[in-house]
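Sequences are here, hints too, so could you generate the full structure?
Taken in order, the sequence shown gives residues 1 to 299; the numbers are from the working numbering.
Listed below are the simulated DSS-like cross-link pairs for lysine-lysine, each with C-alpha atoms no more than 25 angstroms apart in a straight line:
1. Lys138 x Lys149
2. Lys236 x Lys226
3. Lys96 x Lys126
Note that these hints are calculated values from the structure, not bench results.
These numbers come from a predicted model, not from an experiment.
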Amino acid sequence: MIISASRRTDIPSHYSEWFLNRMKAGFVLVRNPRNFHQIRRIDLLPNVVDGIVFWTKNPLPLLDRLDELKDIMFVFQFTLTAYGQDIEPNLPAKEKFILPAFQRLSDMIGPDRVIWRYDPIFFNEKYSLAYHLDIFDKIAYALRDCTRKVTISFIDTSYREAKRNLPGMQMAASNPEDRTPNTAYRLLAEIAHSHGLEIDQCAGTANLEQFGIAQARCIDDRLFAKLLGRPIHLDKDKYQRRQCACRTSVDIGMYNTCPNGCLYCYANYNHSLVAGNHAGHNPLSPLLSGEQPPCDTES
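Right under this line is the structure:
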């Protein structure tokens, strides 16, 4: 079993103490996103969990305690983009804090276990294709020895959660070239390859093999099999988008709990709920937010 921690919220950045407490306890309780009163108990014991995938934009709160996870294999999906605080308002400064954190993390666990994510990509007057290419090149140069690959994707505006914030993102093509994703894919691939990085696309619909861009498998049984030195065979995750190549995993996060506040985020759709859920967080609770009332059912 692979634990996803988490597509729904940034656990390393905001809930690392809670996560480590749950690892020590050997289990976690997770609410069903579609049925708030239905709770699932997930075992976190080393003989049950093959590995953990952390999703984060800022692992700093967890870095000094990674030794507490020495008995289990884990990898990071680390998002580092060109956007400033107009789009990602609550993240520390990239150049001063986040980029050094990526480099430090790689030094601690190795470049195979830290995957750089440059997504989602969108264009507006400020974040033009030229802007993205310039920042992407600078980040790729800085991370050339810190990771093996970069995963990219364009923003998916079909998510109702992301649609709510589209006006604040002022999305628009700043020039005709920006309207052609293949142009951006080709140029991004050229930059990645020039720095010795593989590049793949997350849940993409187009075949980009002509640019040397593979299909991403962000929850990757092949990677864990390589790291663990034993076979792991997991089915495709049927609960993800059709184009997603991820293998099955169990997500232990909770929607509407991430204080990062990124405008493109699909995991937050109610700012009041985010504030309330974050305020209701107890690092000692088996639930990420709140306690378990007697009326809730556990399975």
